[in-house]
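Since each chain comes alone in its own frame, lean on the hints to assemble the complex.
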Amino acid sequence: MKFSIYRFNPEKDEKPYMQDFDVTLQPTDRMLLDAILRIKAMDDSLGLRKSCREGVCGSDGMNINGKNGLACITALKDLKEPVVLRPLPGLPVIRDLIVDMSQFFKQYHSVKPYLITETPPPQKERLQSPEDREELNGLYECVLCACCSTSCPSFWWNPDKFVGPAGLLQAYRFIADTRDEATSERLDNLEDPYRLFRCHTIMNCADVCPKGLNPTEAIGKIKEQMVKRMV
Amino acid sequence: MALPKQTFDAVIVGGGGSGLRAALQLSEAGHHVAVFSKVFPTRSHTVAAQGGIGASLGNMQEDHWLWHMYDTIKGSDYLGDQDAIEFMCRKAAEVVYELEHFGMPFDRNADGTIYQRPFGGHSQNFGERPVQRACAAADRTGHAMLHTLYQRNVRARCQFFVEWMALDLIRDHEGAVVGLIALEMETGQVVIFQTKSVILATGGAGRIFQSSTNAFINTGDGLGIAARAGIPLEDMEFWQFHPTGVAGAGVLITEGVRGEGGILLNAQGERFMERYAPTMKDLASRDVVSRAMDQEIKEGRGVGHEKDHVLLKLDHLGAEVIQKRLPGIREIALKFANVDPIREPIPVVPTCHYQMGGIPTNYYGQVVVPRGDNPAEPVPGLYAIGECACVSVHGANRLGTNSLLDLLVFGKSAGDHLSQWLKGNPQQRDLPKDAADRTLARLDRLNQATTGENVAEVGLDMRRAVQQHAGVFRTGQLLSEGIDKIRVIAERARHTAIQDKSQVFNTARIEALELENLVIVAEATLVSAEARTESRGAQARDDFKERDDRNWLKHSLWSMEGSRLHYKPVNLQPLTVESFEPKVRVY
Numbered sequence: 192m193k194f195s196i197y198r199f200n201p202e203k204d205e206k207p208y209m210q211d212f213d214v215t216l217q218p219t220d221r222m223l224l225d226a227i228l229r230i231k232a233m234d235d236s237l238g239l240r241k242s243c244r245e246g247v248c249g250s251d252g253m254n255i256n257g258k259n260g261l262a263c264i265t266a267l268k269d270l271k272e273p274v275v276l277r278p279l280p281g282l283p284v285i286r287d288l289i290v291d292m293s294q295f296f297k298q299y300h301s302v303k304p305y306l307i308t309e310t311p312p313p314q315k316e317r318l319q320s321p322e323d324r325e326e327l328n329g330l331y332e333c334v335l336c337a338c339c340s341t342s343c344p345s346f347w348w349n350p351d352k353f354v355g356p357a358g359l360l361q362a363y364r365f366i367a368d369t370r371d372e373a374t375s376e377r378l379d380n381l382e383d384p385y386r387l388f389r390c391h392t393i394m395n396c397a398d399v400c401p402k403g404l405n406p407t408e409a410i411g412k413i414k415e416q417m418v419k420r421m422v
Numbered sequence: 067m068a069l070p071k072q073t074f075d076a077v078i079v080g081g082g083g084s085g086l087r088a089a090l091q092l093s094e095a096g097h098h099v100a101v102f103s104k105v106f107p108t109r110s111h112t113v114a115a116q117g118g119i120g121a122s123l124g125n126m127q128e129d130h131w132l133w134h135m136y137d138t139i140k141g142s143d144y145l146g147d148q149d150a151i152e153f154m155c156r157k158a159a160e161v162v163y164e165l166e167h168f169g170m171p172f173d174r175n176a177d178g179t180i181y182q183r184p185f186g187g188h189s190q191n192f193g194e195r196p197v198q199r200a201c202a203a204a205d206r207t208g209h210a211m212l213h214t215l216y217q218r219n220v221r222a223r224c225q226f227f228v229e230w231m232a233l234d235l236i237r238d239h240e241g242a243v244v245g246l247i248a249l250e251m252e253t254g255q256v257v258i259f260q261t262k263s264v265i266l267a268t269g270g271a272g273r274i275f276q277s278s279t280n281a282f283i284n285t286g287d288g289l290g291i292a293a294r295a296g297i298p299l300e301d302m303e304f305w306q307f308h309p310t311g312v313a314g315a316g317v318l319i320t321e322g323v324r325g326e327g328g329i330l331l332n333a334q335g336e337r338f339m340e341r342y343a344p345t346m347k348d349l350a351s352r353d354v355v356s357r358a359m360d361q362e363i364k365e366g367r368g369v370g371h372e373k374d375h376v377l378l379k380l381d382h383l384g385a386e387v388i389q390k391r392l393p394g395i396r397e398i399a400l401k402f403a404n405v406d407p408i409r410e411p412i413p414v415v416p417t418c419h420y421q422m423g424g425i426p427t428n429y430y431g432q433v434v435v436p437r438g439d440n441p442a443e444p445v446p447g448l449y450a451i452g453e454c455a456c457v458s459v460h461g462a463n464r465l466g467t468n469s470l471l472d473l474l475v476f477g478k479s480a481g482d483h484l485s486q487w488l489k490g491n492p493q494q495r496d497l498p499k500d501a502a503d504r505t506l507a508r509l510d511r512l513n514q515a516t517t518g519e520n521v522a523e524v525g526l527d528m529r530r531a532v533q534q535h536a537g538v539f540r541t542g543q544l545l546s547e548g549i550d551k552i553r554v555i556a557e558r559a560r561h562t563a564i565q566d567k568s569q570v571f572n573t574a575r576i577e578a579l580e581l582e583n584l585v586i587v588a589e590a591t592l593v594s595a596e597a598r599t600e601s602r603g604a605q606a607r608d609d610f611k612e613r614d615d616r617n618w619l620k621h622s623l624w625s626m627e628g629s630r631l632h633y634k635p636v637n638l639q640p641l642t643v644e645s646f647e648p649k650v651r652v653y
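Protein chains in written order, with the numbering used here: chain U, 192 to 422; chain R, 67 to 653.
Next comes chain R alone, as it looks inside the complex (with noise of 0.2 Å):
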C-alpha cells in the first residue's frame, strides 16, 4: 500500500518539556523540525510537575554544582552515570536562567531573585545540611515551565503535528534511522515521515501501575517504539514511588510540601522519619520516606479504617504560606481528598510516580547499544530524552526536582548534537521497500478482528499485576509470579478486539495500540527486577536486603527479543571531577 510521504531534517516524537526544548533548539539553529505529539503540546504530562528546577544558583544559601553533583550520585544510589550527572548539575543554572529569559513565571524573593525551596535528598555541603536549590513557580512549576516552553517554540514558528501517534521506527539495512511512521488521529490516516534523524520524547510509563501518579498519555509509546526496533531498555527495574500520593485517588501532592516544612505522621502521631533518616528527616530521598511509609503500615501504624496510609501535616505552616506558595495543592487535596490543608492533614501512599530505566542514551541524548567491545554505540540518527531516556542521570532513584532539569539539559544538549550532526549528514537515506509492513500489519489485525480481548479489561489485569509483583517491597518468588503473569497479559493484549472500526478520532485504536506499548514496558519491568539479585534505590528486594556493589554496579539492558537481559558498567568517572565511589547511603 502506498503511503502519503513527507520529509523533514528531524522529526522529535513528544511535545512535553524535553522535547519542546530539542524542538526550539532546532529550529532556532533553522532546521526543518517536526514535533509530534498525542495531544495539545501543553496537555503533556510535563504540565503535572509542582514542586520545582533544581540547580546550585545559591539564591537562598550558598550552594555549588559540586554538592549538587554529589546529592543526584548518593540519591542514584551510585547507579547513576557519573559523566553525565556532572554535565547536568554544571548545566543546571545555565537553562534555568535561559527559561527565566524565556518568559517562565518563577517565585522571586525580595531581592527580585529567582525563589528556591528545599526538597529531598538536596544538601550543602556532601550531606551537612538541607539547601533550597529548587527554583519554584508556586506549586505550579511543571505547569509554567511547559507553557513557556510551548511559548517559545511559538515565536520560533517550529511546525507542530498535534494529535498524531507515532507508531514505529522505520531503520535501514545498515540499522540507521531513516524515518518514523505515525498516525494521525482526526482522521485515521497513516503517515510516512522520511526524515534524517528522530528524537524520542515521549516521557515515561507509569500507567503500567494500578496507582500512579502519571497522566493517561503516559503508556511508554517511545520504549514501545524502540524495542520494537531492536533496540533495549535500560534499568526498567527503577520506578519511583514517590511517597505522597493522595490515599485512593493517586494524584501527586508534592514534595515541596515537606520543603516549605510539612511532616509526616503515623497512627500515633509521631514523626516517624526521625527514626529512619535524622539528619534529613522528611526531606529524605523519596525512595528511603516511600519504604519507611511501607514499614509503618505494614507494621500496623497506618492511619484510617484499613490503616493503609500515613498522613500529611502541613497546618502548622499557617493560611498565608500554604495560599502562597502551595495553592495547587490545597486545590488537590480540597478536591481529592476532601480535606483542607490550612486545618486537616491529607492522607497519603507512596504511589507509582517515575520511571528511572528508558532508552540508553549518552549526555548528548544519542541512543547507544552494545555493538562488538563497546557498550554504548550511538545509533546513527536517533536520540531519545527525557523520562523515556536512561542517560542515566537518575540510577536507581531520582531526585525530587531532578525530573525537570533532566528534560532542559538534554533537550537542549540534543537539540545541539544533533542540529551539528544534521551539518555532517546532510542527505536524506533511502526508506526499505517494506519499512511499514510490520506497522500496517499490526493495524490491519485491529481493524479485521471482530472477538477477542478487550483492551480495558487487559489493562486493568496489567496495572493490577505490576502493582502486586512489582511494587515497594519485591521478592524473587512474587517477581517471577508476576512474569508469568505478565507474559499471559501480553499474549491476550496481542489478541485485542475493538468493537469501534472508524477512522475519524477512534480513541479505542489508540487505547489498543498504547497497551502493546505498556506490555512491552511492564515485561521489561518485572524481568528486570526479577533478575537484579540486590536492593538499591528504588529495587527494594525482601529477599537481597543488601546492596551489592560487587555483582550488580551495572546497568541492566532488557531486548524484546527473547525478553534477554545483559548488562553494561556504571560510569564512575566524571568528566573533570573526583569519582565519588559508593559509600553506604545515609540520610
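For reference, chain U alone in the conformation it holds in the complex (with noise of 0.2 Å):
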C-alpha cells in the first residue's frame, strides 16, 4: 500500500518534506496505525505519537487524506492510494506527525474543567437523576486528541484568544452538569468576542470528531444560556 508522509526533523531539515513509502501488509493490519507501524519498523526516525490503539486515549490525532482522525481506528480499507498523512493543521510541528498541542491544552484548562461547587458534599454520593445525568452524554467522551479544534479554521487564526471546540465542549460539560455551582462563573469567562463566539458554526468539528461528539452543537447551547440569563 502507498504513503506519501509528512517528514520534518529540526535537526537536520531546513523545511518539512513529502516522503513516499511502499509497504506489504499483512492480512490482520485493519488500521493505518497498523500500517504506519510497519513503516516505522522499517525507518525508526519516523515519528508520531500512539497508546492505546482503540480509539479511548487520544494520542494519534493526524490529517489524513486532508481529513483529521484518529490513526488507530482509521480502517485501511476505507483510504485512497497514495494515503497522504501529515500533522494536524494549525498547531506547530515538533517533529513529522507529532505536533506541539501547549496551546490546545492551554485552551482546555482555561474553561476550569474541573467540577466547581459550593455547598459541602454529602457523606454519600450527591444525587443526580438519570435524566440529569444523561446532559452530560456526548461531552464527556471527549479524549482530547484535537482532531476538532485543528480542523476549525476559527482556531487557526487565533488560537491564543478562541477557546476551540474541544474547550468549549468540556466548557459545557461542567455547564450542564446539575452538580456545578458555577455556571454564571462560567459564562462570564467565555463572554468575549473572541474566546466562545468566533464559532462560526462551521461544523468541521462535529464533522472529524472520532467520538462522534458535536462540539457545535455544545456552543450553541453555551450561546442559549447566554441569551437566557440576559432576558
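Quick caveat, the hints were computed from the structure, so don't treat them as lab data. Note that the structure is a prediction, hence the values are computed from the model and not measured. The C-beta atom is built at its ideal place from N, Cα and C for all residues, glycine as well. Careful, some of the hints might be misleading.
Cβ pair distances, simulated, as ranges [what the hints assert, rightly or not]:
1) His382/R x Pro321/U: 20 to 28 Å
2) Gln314/U x Ala222/R: 49 to 57 Å
3) Asn191/R x Asp234/U: 56 to 64 Å
4) Tyr208/U x Thr599/R: 35 to 43 Å
5) Gln72/R x His391/U: 39 to 47 Å
6) Asp503/R x Asp291/U: 41 to 49 Å
7) Gly403/U x Lys364/R: 33 to 41 Å
8) Gly403/U x Asp510/R: 44 to 52 Å
Once the Cα atoms are required to be at most 20 Å apart in a straight line, the calculated SDA-like pairs of lysine to any residue come out as [claimed, not checked]:
9) Lys231/U x Gln276/R
10) Lys303/U x Phe168/R
11) Lys297/U x Phe106/R
12) Lys303/U x Arg223/R
13) Lys402/U x Lys401/R
14) Lys315/U x Glu160/R
15) Lys402/U x Leu400/R
16) Lys402/U x Lys390/R
17) Lys390/R x Asn405/U
18) Lys390/R x Lys303/U
19) Lys315/U x Glu164/R
20) Lys231/U x Val570/R
21) Lys157/R x Arg317/U
22) Lys157/R x Pro312/U
23) Lys303/U x His167/R
Only part of the chain U face toward chain R is listed, based on derived beta-carbon distances under 10 Å [said to hold, decoys possible]:
24) Asn200
25) Pro201
26) Lys241
27) Ser242
28) Val275
29) Phe296
30) Pro304
31) Leu335
Okay, structure coming up:
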C-alpha cells in the first residue's frame, strides 16, 4: 500500500517534505496505525504518538487524506491511495506527525475543566437523576485528541484567543452538570468576542470527531444560556 | 558530565489513575510535587478500563465490605495479603464517594444514587449469589475516572512533566532513594531530579505478551527501574488473561457485558460456563472463565475456520440496554470485529490483560524488601502504587473492578503516608557523585552503536516467546525452554542499534529503552513461573494441576542480580476480622 508522509526533523531539515513509502501489509493489518507501524519498523526515525490503539487515549490524531482522525480506528480499506498523512493542522510541528499541543491544552485548562461547588458534599454520593446525568452524554466522552480544534479555521486564526471546539465542549460539560455551582462564572469566563463567539458554526469539528461528538451543538447551548440569562 | 538538576519533595512517576490520585493528595497537602508521564496524563492506560469500580455501596442490593473482602481473597486464590485486602475493601466506599464529589460522571439509578452492575467473582453473603458492586460510568469508567482525576489535579495546580520518560532511581549508600533521572522526549535532554521521595506509578507491562489488551506504553518502566535499583519483583508469574479480548485484535471487551447478561457460547451454541461454574456461570472469576474457554477450544469446540475462539452473545439484551450501558463495546465490536453486537455475537479469546505481581509494597504504598529477619522492611523514600505495585491485594488472580479501586485506595494511602513521612524527613539527602553514570552509559551505548539488533524485531521475538511459553496453560518444560529463549533475547536487547540518533522526540530511542524494561519483566515472569510447581489462580500448570498450600502459600521474590528467587510468607492475618482460611475454590 502506498503512503505519502510529512517529514520534518528540526535538527537536520531546513523545511518539511513529503516522503513516499510502499509497504507490504499483512492480513491482520486492519487499521491505519498498523500500516504506520510497519513503516516505522523499516524507518525508525518516523515520529508519531500512539498508545491505546483502540481510540480511547487520543494520542494518534493526524491529518489523513485531508481529514483529521485517529490512526488507530481509521480502517485501511476506507482509504484512497496514496494515503497522505500530515500532522494536525494549525499547531507548531515538533517533528514529523508530532505537533506541539501546548496551545490546545492551555485553552482546555482555561475553561476550568473541573467541578466547582460551594455546598459541602454529603457523606455519600451527591444524588443526580438519570435524566440529569444523561445531559453529560456526548460531552464527557471527549478524548482530547484535538482533531476538532485543529480542523477549525477560527482556531487556526486565533489559537491564543478562541477556546476552540474541544475546550468549549468541556466548558459545556460542566455547565450542563447539575452538580456544578459555577454556571454564571463559567458563562462570564466565555463572554468575550473571541473566546466563544469566534465559532461561526462551520461544523468541521462535528464532522471530524472520531468519537462522534458534536462540539458545535454544545457551543450553541452555551450561547442559548447566555441569551437566557440576559432576558 | 554535569546534568541539569531540579529539586522536589516528591516525584511521582506515572500520570495514570494511581499517580494522579497520589499527586492530588500531596498537592492538596501543600507539598512540592512533580508528576512525570511518558504521555499526556489522560492518555495513560487507566483510560481504557471499562466496566466499573468495586465498592460495597449497596445501592442495588444489600452489600458489605466483608463480602467484598471474602470475594477478593477467594479470587486471589488465597495468595492475597489479607491485611491489605481488608484495608482496600473497607476504604472502597469512601474513595468512590470522593471520586463522585470530584465530578465523576457515574451512571445513576432512579433514586439518584450511583448505578452498580454485576461483575465476575463478586457475590453476596460469601459466594451465595452474584451482587451488583461495580460502580460504572457506562462502559467508559476508566476514561471518566482518569479525566476526573486529571481535572482535579488541574484545580490543585499540580506540576506535570508531560512526555518525560523516567530512566533510573538514584539511591544513596544507605539505600535511601534520593533522586530520579529522567529524559525529556521533546528535547532529548537528561535531567537529574533531586527529591526526598519517589512514587512509582508506571502501570503494568502487559506488552510482554503478543496478544494483549494493553496499550503500547505499558512497558513496565517502573519495574525495570526498580529491578535495576536492586528491588526484587514479587509474584511475577501471575498474569491475568481476560476472557474477552476481541479475537485477532486483542482489544478489550469488558466483563461488564457478562455483568449485564451477556453469555459465552461454544461452536455447538452451548453456554459452556454452566458446566464449569454452576453458581456464578459466566460471572465466575477471570482465571476460571479463561481456562474454560481454552479447554473448549482445545477440545475442538472453538468457533471459526480455525476453531480458535468462542462467541460472546449479547443481542438478547436488546438494543436499548446495549446503547445505554455498553456503547463503547458496540463501537469496538463494529470497528475491530466487524460485527454489530445488537444483532451478532462477538468473537473473543483469552487475552493478556493485567499484571498481578510487581514491586513489593505494604498497604501504605511503601516499597518493602527483605532485610535480615524482616521480610518486608520499607525502603526509605520509595513508594509504588497501582498495577506496577504488588501490595498484594490481587494475589494470584484479580477480580474485575478491583484494579480501579486499587488505584484510588493505594494512590490516596501512599499520598497520605508520604505526606506524613515528609514531615519527619524534611532534609534533602545528598546525591552520590556517580548518580547518573550507569544511566548515561546506557544512553551512550545507544547513541554510539551503528550496527546491532533491530528493536522492533527483538521486541516481536520477546512477545512471541512469552506468549508461547507462559500462556494460559503452562508446563515445566515449556517454561524452562522459555527461560532459555528469553535469556538469548535479553542479550540481544543489550545489543540493539537505532538508526535515528537525533535528540528531538526520538521515539526510536524511547522504544529501545522500553525494550530493556520489558525483557527484565519477561525474564522475571518465566523464572518465577517455572519455579512455582503448582496451579494457583492465573498460573495453571498442566504438570502440577493442584494448588499446593503446604509448599506454595508464599510470595515469589525475583531479584535481577543473578536472576535469583526467594520467598516470603502470605499475610493471612487481616487487620480487625478473622482470617479467611484457604479453601477449595468453587464458583
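**OP:** Could you grab the alpha-carbon distance between Lys303/U and Phe168/R and see if it respects the 20 Å cut-off?
**Re:** holds, 13 Å
**OP:** For the pair we were handed, Lys315/U and Glu160/R, check the Cα-Cα distance against 20 Å.
**Re:** holds, 8 Å
**OP:** Report holds or violated for the interface hint on Ser242/U, using the least CB-CB distance to chain R and a cut-off of 10 Å.
**Re:** holds, 5 Å
Original post:
Lys231/U and Gln276/R: Cα distance at most 20 Å?
Top reply: holds, 18 Å
Original post:
Is the Cα-Cα distance between Lys157/R and Pro312/U 20 Å or less?
Top reply: holds, 18 Å
**OP:** Determine whether the Cβ-Cβ distance between Gly403/U and Lys364/R falls within the hinted range of 33 to 41 Å.
**Re:** At 40 Å between Cβs, range holds.
**OP:** Could you check if Phe296/U really has its C-beta closer than 10 Å to a C-beta on chain R?
**Re:** holds, 7 Å
Subject >> Cβ separation of Asp503/R and Asp291/U, checked against the hinted range 41 to 49 Å >> reply: At roughly 33 Å between Cβ atoms, Asp291/U and Asp503/R fall outside 41 to 49 Å, so the hint is violated.
**OP:** Starting from the range 39 to 47 Å, see whether the pair Gln72/R and His391/U falls in it by beta-carbon distance.
**Re:** Check passed, 44 Å falls within 39 to 47 Å.
Subject >> 20 Å limit on alpha-carbon distance, applied to hinted pair Lys390/R and Asn405/U >> reply: With a Cα-Cα distance of about 18 Å, the restraint between Lys390/R and Asn405/U holds, given a limit of 20 Å.
Original post:
Should the hint that Pro304/U touches chain R count as held when the rule is a Cβ pair under 10 Å?
Top reply: holds, 5 Å
Original post:
Is the hinted pair Lys297/U and Phe106/R satisfied, with a Cα-Cα distance of at most 20 Å?
Top reply: holds, 13 Å
Hint check: violations occur at hints 2, 4, 6, 18, 28; the rest are consistent with the structure.
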